[in-house]
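Participant: Guided by the hints, dock chains R and D onto chain P, whose structure is given.
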Amino acid sequence: MERFSLDAAHLLAGGMVLVSFMMLYQNRILGLLNVFAAHAVVLSLSVAWQAYVQSAPHLFVTAAIALILKAIIIPVALHHMVLRLGVHRDIETVGGIGPTMLMGIGLVALSMVVMLPAAAEADPIAREDLALALSVILLGLLIMVTRQNAISQIVGFMSLENGLVLAATGARGMPLVVEISVAFSVLVAFIVIGVFLFRIRERFDTIDTQALDDFREGRE
Amino acid sequence: MGLILAILIQGIQMVLVLALAPGLIGFTRKVKARLLRRQGPSVVQPYRDLLRLVRKEAVLADNASWLFRNAPYLIFATTWVAAALVPTFAAGLHFSWAADLIAITALLGSARFFLALAGMDIGTAFGGIGSSREMLFATLAEPAMIMIVFTVALVAGSTQLSTVAEFMVDHSTLRVSLGLALIGLIIVALTENARVPVDNPATHLELTMVHEAMILEYSGRHLAVIELAAALKLLLYISLIACIFAPWGMARQDDGVLGMLVGVVTWVGKLAIGGFLMVLFETAIAKMRVFRVPEFVGGALMLGFLGTLLLFVSRSF
Amino acid sequence: MSSLLHMLPFAPIDALLVVPGVAALLLALIPQYRLGARVNMLASGITFLFALTLLVERPDPTVSFLFVDDLNVVFVVLGTFVGFTTSIFSASYIGHEIEIGRLKPGYIRFYHGMYQALSFSMNLGLTANNIGLMWVAVELATLTTVLMVGLYRTQAALEAAWKYFILGSVGIALALFGTILIYMAARPVIGEGHDAMVWTTLIANASKFSPELLNVAFVFLMLGYGTKVGLAPLHAWLPDAHAEGPTPISAVLSGLLLNVALYALLRFKMLLAANPLAVAPGPLLVTLGLVSLIFAAFMLYLRRDIKRLFAYSSIEHMGLIAFAFGMGGPLANFAGLLHMTMHSLTKSAIFFAVGQVAQVKGTQKIADIRGLTESHPTLGWSLVVGVAAIAGLPPMGIFTSEFLLVSSTFARQPLLAIPLVIGLLLAFGALIWRLTGVAFGTPSPSVVDAGRPPSMVPLIIHLALVLIAGLYLPGPLVAWFQNVARMLG
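Chains as they are written, first to last, in my numbering: chain P, 1 to 220; chain R, 1 to 317; chain D, 1 to 489.
In short, the hints are calculated from the structure, not lab data. Don't be surprised by glycine CBs; every beta carbon is placed ideally from N, CA and C. Don't take every hint at face value.
[Stated by the list, open to error] Simulated restraints on C-beta separations:
# : chain 1 : residue 1 : chain 2 : residue 2 : range
1 : P       : S55       : D       : F410      : 53 to 61 angstroms
2 : P       : L116      : D       : L277      : 13 to 21 angstroms
3 : R       : S314      : P       : G96       : 29 to 37 angstroms
[As the list claims (entries may be wrong)] Below, a list of computed lysine to any residue pairs in the SDA-like style, where the Cα atoms sit at most 20 angstroms apart:
# : chain 1 : residue 1 : chain 2 : residue 2
4 : R       : K287      : P       : V35
5 : R       : K287      : P       : G31
6 : R       : K287      : P       : N27
7 : R       : K287      : P       : I97
8 : D       : K104      : D       : A156
Chain P on its own, in the form it takes in the complex (with noise of 0.2 angstroms):
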């Protein structure tokens, strides 16, 4: 049975890693969207397994925020947003998506190689886990670095945050500061969000990013 929630902890989180990639594989936002509600379903799957096997009741609730929150809610209402205002519906990227997927790959092995000769000391759950996690942050970082698209940047920001709650929840007894923190961090974030998206309609049409780099501070 410890063999069977070693294994089950790391296929959730390579389950993560797996989605993440299909998040860099999307070349229309509202596919996007889906994959993402899939990865926070993915998450909160991992985070009630990490309460059933730690013991810890709390991090139930924080399963059921992500799901609630980031599974639900928060895509629905970028897809609302998205069909209001008319955003295009191509993600442009840099590089073309092959070579994404390459640099997620090495971004991968990067993050195996420092995580794991580190966390020797650590008992062998948390070790993997936090490899795994360390994974999904720098493949949100991708995300947010190889596309052009205002949305496509929020949907790998919040990659990104799902990715730091699973290294939290890995952490065994990590205080719940942090998970208020960290769902705290999703709220705001998201009103920060609704209120610049809506700015930026009133300003100009779209919200390409490239759009908005004619503004580019190397001109002055």
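Facilitator: Here is chains R and D on its own, set in the frame of chain P:
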């Protein structure tokens, strides 16, 4: 006596595989039709189609070469051998030492090679399109297959399928790398068998064909043989996935006749489930643009890489 | 005095949080500009007074979530002081912005409320005894400043705020990961739960933590909090945020927020230094510091917007400070602390002046601003003094700290001193060149009706302090800095 029995059982597997392949195709078509709220053809219709094709005259183009005439038999032979080697209802059969994953990949690769050449033989445009697209997908699907083979081999300690199946039964466990390998293998299987989302097996629009475009010029007994080979390929892949990832119910080395019968029943059940899931997936998803397919299959390659990478880094992945 | 303090319902250290918190809520309800500005000033002033009491009497560290020791009392007093003077400046500056229509009156409540919220989060970050709480505070500070940078709602302001939001959030996320790793390093030694995140407990047990984990954690923390400090190559948000936000926010960003992030970095540096097997954090900080210094010094020559110019100057000075703390040792740490204090005062003073300059000339482009000493003598000459200070001319305070730093580097690592001096000279040249263009020569046309000028008092107070510090540092202050320098290792 033991040797004759062993060879007999192996022979039964070869025949069984051949006999059930068209049935599998018929079953998938029936289920797809039902899911689309149609009646659909009967499950034995593919057998009738094959019979009809065999009785018809094979019409050849003027400039068809010996390659064109013999390719169907070559394709059929290699595919049948590969399909017969994959353990279906029993592991450890007489020729199971030859049932090596890499050998099977190579056999399927040579079948594809002949098919692509045959497609280009006559010199029509559609054959050329089909062959070039097939090769495009193969460029990524073959390495993906090899990486998946490596992942499985690193876990099970061998590339021989009987050993892999026995290992999986003895050490049943969830592993990340196996999960990734499973998804990768599913993607490769969909690509190789020309199913949606890579290629539509029922299409009549030449511009969207890949597999169908390559065999457009075949008729009569040649076409019958090629269709049978395609059916065998689908059966092979589903049996392969079942053997590696869901090997329970397979008869082991020493099980008697009862064990074999149980094995046959579970195998047929797995084929049915596999066919059903595949058709479910097909009806839920649309075919993708040809230029997106390399990214799709590239995803399988990435998964294979990832699985191997994780295993190299830590034994407990 | 202690008896007076004991009569209050809360301790002085809690007051640092309670007063801004209450003020933020209050200000969210006051739509009139004048009243709001007065409440803002009052709240900031009261916070500053409470901070001063901390110099005298400190709370018991094991009691609450907050604590004060020699290191953060410097930051707290400095922070609340600059917050107070900036609120005075903002009171008159914002009035003018409303008059010319750059800031819509509807946003007054938002602006003042966010100002106090920022003060709250910075005080929380400086006094938190829990690394998780410190992280929350820095995140909150980032969010409030993002909202304020986008206040003017122009295209450029929104782009600046978006960039700041994205880069700041990524930095914060990496910092959180580093925090989690620190917890994981502490857990086998201290046990699960709250205690493994309490700073005072962590520093007491740091020598027993796993060194490899600490190393990896520090890399993430440096990347994360380093983005907030503005070290190159993670600085991309800084120039835009300074240029497009309202001037009081630029002053607060440069003078305070960068310090808070640096403080967080220093805390973790102390943690790493307490463990003998962990990699020395010094070389990493030194490298980043030098890169920032040289990069910013070059960029100073290319800037055509006056606020961007001084934003890059902030990057340069933060690089210097990081370099100083990276070098370590009593003299370099002392130089770093002194430089940090002087930079806060000087840079905020410069932004006060620059804000006023932009108002009277109606533009932020350097090419369009000429001859300030003739058209507006007080303003012009204060700007001259300020820029001379930031460029490192004697007898200003910054000269003292730079001199100390350069001499200590020459003594210990002569090779490093060469890029250091080159960077300093490059920056000096750029600033003086720009200054002569802006301050002297025939005056460029000014805006006819510039309204009532903002108060010059904060500007003059800051510059006076810097001048005094350059000439004479009081004994207790020196002893105190030395004590902290020793703590930093």
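Participant: Holds or violated: 13 to 21 angstroms for the Cβ distance of P/L116 and D/L277?
Facilitator: Given about 19 angstroms between the Cβ atoms, the range holds.
Participant: Using the beta carbons of P/S55 and D/F410, state whether their distance is inside 53 to 61 angstroms or not.
Facilitator: Holds: the Cβ-Cβ distance is about 59 angstroms, inside 53 to 61 angstroms.
Participant: Next pair to validate is R/K287 with P/I97; report whether the Cα-Cα distance is within 20 angstroms.
Facilitator: 19 angstroms, holds
Participant: May I ask you to test the hint 29 to 37 angstroms on the CB atoms belonging to R/S314 and P/G96?
Facilitator: Holds: the Cβ-Cβ distance is about 31 angstroms, inside 29 to 37 angstroms.
Participant: Regarding the pair R/K287 and P/V35, is the alpha-carbon distance no greater than 20 angstroms?
Facilitator: 19 angstroms, holds
Participant: Tell me if the straight-line CA distance from R/K287 to P/G31 falls inside 20 angstroms.
Facilitator: 15 angstroms, holds
Participant: Measure nothing beyond the straight line between the CA atoms of R/K287 and P/N27; if it is 20 angstroms or shorter, mark the hint as holding.
Facilitator: 15 angstroms, holds
Participant: Are D/K104 and D/A156 close enough, with their CA atoms no more than 20 angstroms apart?
Facilitator: 17 angstroms, holds
The structure shown violates none of the earlier numbered hints.
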